[in-house]
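Undergrad: So the chains spell out like this:
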Amino acid sequence: MSPTPNSCDVLIIGAGGAGLRAAIAVAETNPNLKIGVISKVYPMRSHTVSAEGGAAAVIKDNDSLEHHAYDTISGGDWMCDQDAVELFVREAPKEMIRLEHWGCPWSREEDGKVAVRPFGGMKNQRTWFAADKTGFHMLHTLFQTSLKYEKVFRFDEWFVTSLLVDDGRCRGAVAIDIATGQVQAIQAKAVIICTGGAGKVFPFTTNANIKTGDGMALAYRAGVPLKDMEFVQYHPTGLPFTGILITEAARAEGGYLLNKDGYRYLQDYDLGKPEPRPVLRSMELGPRDRLSQAFVKEQEKGRTLQGNYGDFVHLDVRHLGAKVINTKIPFVRELCLKYENLDPIKEMIPVRPVVHYMMGGIHTDIHGATPLPGLFAAGECACVSINGANRLGSNSLTELLVFGARAGEAAAEFAASANGTANKINGLYQDEVNRLNKQFLKKEGGTEKIANIRKAMHKTMEEGAGIYRTESSLMQSQKEVQTLKERFMNVKIADHSHTFNTELIAALELSCLLDVAEAVIQSALHRKESRGSHQRIDYPDRDDEQYLSHSLAYWNKNDFPEVKYNPVSITKWPPGERVYGR
Amino acid sequence: MDKQITLEIFRYNPDEAPEPGFQSYEVPLNKDWVILDALNYIKDQMDGTLSYRWSCRMGVCGSCGMMVNDKPVLTCATFLEKFAPGPIRIEPLENFPVVRDLIIDMSDFLTKLQKVKPWIIREEEGSLEEEYLQTPSQLADYKPYSMCINCMLCYAACPVYGLEPDFVGPAALALAQRYNMDNRDQGNQQRMEALSDDHGMWQCTFVGDCSAVCPKNVDPAGAIQRYKVEGAGHWWKSLLLPWGKDK
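Residue numbers (this note's numbering), protein chains in the order written: chain A, 85 to 666; chain B, 22 to 268.
No wet-lab data here; the hints were simulated from the structure.
Heads up, the beta-carbon is just placed ideally off N, CA and C, and yes, glycines get one too.
You may find that some hints are simply not true.
In silico DSSO-like pairs for lysine-lysine, Cα to Cα no more than 27 angstroms straight-line [what the hints assert, rightly or not]: (1) B:Lys64 <-> A:Lys526; (2) A:Lys539 <-> B:Lys24; (3) A:Lys232 <-> B:Lys64; (4) B:Lys24 <-> A:Lys232; (5) B:Lys133 <-> A:Lys422; (6) B:Lys164 <-> A:Lys197; (7) A:Lys144 <-> B:Lys237; (8) B:Lys249 <-> A:Lys576; (9) B:Lys133 <-> A:Lys235.
Cβ-Cβ distance ranges computed for the label pairs, FRET-style [unchecked claim]: (10) A:Lys144 <-> B:Ser45: 36 to 42 angstroms; (11) B:Gln44 <-> A:Lys407: 37 to 43 angstroms; (12) A:Lys407 <-> B:Ser148: 50 to 56 angstroms; (13) A:Glu234 <-> B:Asn90: 39 to 45 angstroms; (14) B:Ser148 <-> A:Arg387: 52 to 58 angstroms; (15) A:Asp515 <-> B:Trp223: 42 to 48 angstroms.
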């Protein structure tokens, strides 16, 4: 590659599915623009790679955009913005076909058309899949396709530490080249954050090690609110200890969830009657929040099993037979064989709910624009919101295409028309260098271990802000996270090297996690109702009078975040009951 | 006290010492741990300066390849117990420059990947109203080559790459074939031209070490053989039919 540039027209932070889709969109919208793609890992390491089950888009004759919208909105417990959902379902098929044209190896019907599979919470089969490595294939297709655009310059393995905000506009970022330790300002006319989720605020998560909410924290600290952060999705089927995800496709193909008595316990939780074959929007194909909550209830009744890494239930796919398992969910078998030392053709898979996805994120509109001019966001780090209080399975991969593309187009337009000069960039850069030196790079002393603070954060988040929450549990966590932020100021960094300093990166990531954790807790504390993934034992009912609104958490340097509300946009579907299995 | 196992880990930090060395760490021999868990234990509890890459811990992101007792493996997919009673020797992947400790410089691969044009090439893109048709058997033709996670184990195992760093290498060639064999693609010719100056490919003797170490059964060796057959045909044709357009 050519020498590292210190400016570009559009700078994209994060090179997973959303970031790469955005980069391609910028290049196709305006081929003259210089595009920078900056990521703390090589693009193909991004966490999109781990997504398994599939991506939803209406393509079959028996399906409709209305159905996709309704499944999304009811799945989200009426917290989705319905104008955004309507746009999303409308643009989804075109985006998916475009990815097909770029080479994504979608699984096919005999006649050569794209195949779809059922998924949780869906009235029709509409999930496109590439066996059960859908995210992997989507990411590699996007990455390989992005290589043909000469205007894309990648900053591989660079870590962004702050946004450059001058004169009320985002004008780039300051980043560390991890390989050399060099700190550099990269100016840009528009910036798109596509850094994904923040599952690592919790101890037991499907999320990769890199999912530390960096982009959320960047925007948050620059004054952009984080929206709906109280809504954290637990996926009902993770492997104990590792948290490795066993895709919903395993249930969509016909897998059963069984308690310690071999009983399909979901029938006790208003999710329908057990049938031998999978029934859409019923039982094991109910929504993720309800299934995860049923696990906790079952645990309270003493009907789960006990293992070395906590309680679990069984996912049984044995009756599907070797052929279905090997063709439809081969990765499930590979993961079980390699990481649990069991063969799902012959044995039941131990599973428990596991933190999977942040419905909340950086507040954006339907163009991916944040309230800060020049700053855009897309993918899991953003909140439009099409995911509401509980994301519908297989909408996230589609979301990163639809909104990655939209953010790219909007940023390209913004960059082409942006004018005015930045005066304070050098000063801002110097301030950031000073901050990094003082807090991290040249810091002497310190006694707190990164791992200990992280572990304490995990513990308090699980105990206080997990599947079920109360005012007192959340207050306890709030206090603890505040203490941890103080302890973090005394963190010890043994590694002072410039070359590939992973301890420094871990410290920077931990500071992001703590800010995100605080936003989750504060938003959860303020929402005195139960809706979707946010379940308050002290407020067990949904309260549309008070809370049919998105929470917006604003960063406060020395205090708890301030929480404000924005009404949910309702177009065609007034709030109703979520009905599954009846 | 639980059983312990010793890890002898390659250490190199150009900021501090010009010469690499090995450092030993004793960690619990937990039967559920993979090698990567042991490295994380060291980093969290014993030595924060130990440097390595990792992310997904489920064998799909391709970050954590290392030499373990001289074999290239994904450390997230390799159980610690397998090596009991130890010691276990852990080194950065062979055939690459080392940046620090267990971290290699793989930028060479990124350049080579781009060189083989790993994207769909067509004279014109079809309408976004419908998909290109591809039957399950057409999908099966190239699918195995599409499973490459770019983990670099095949480069670490490749005797040719070790001697001839210009060789585009097993993974990049497998990915070139992945597109060549995709019925939606028309870029075979362009990719062949991009590879015409690659001497390494002809030196590949089908030893197959690359395929043997691949954690995803991609079989780059098979892809390379296929290339050589096609490439030879291409060369003969251009000799015999200099006026004709190769199709």
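Undergrad: Flag every earlier hint the structure violates by its number, smallest first.
TA: 3, 4, 5, 7, 8, 10, 11, 12 and 15
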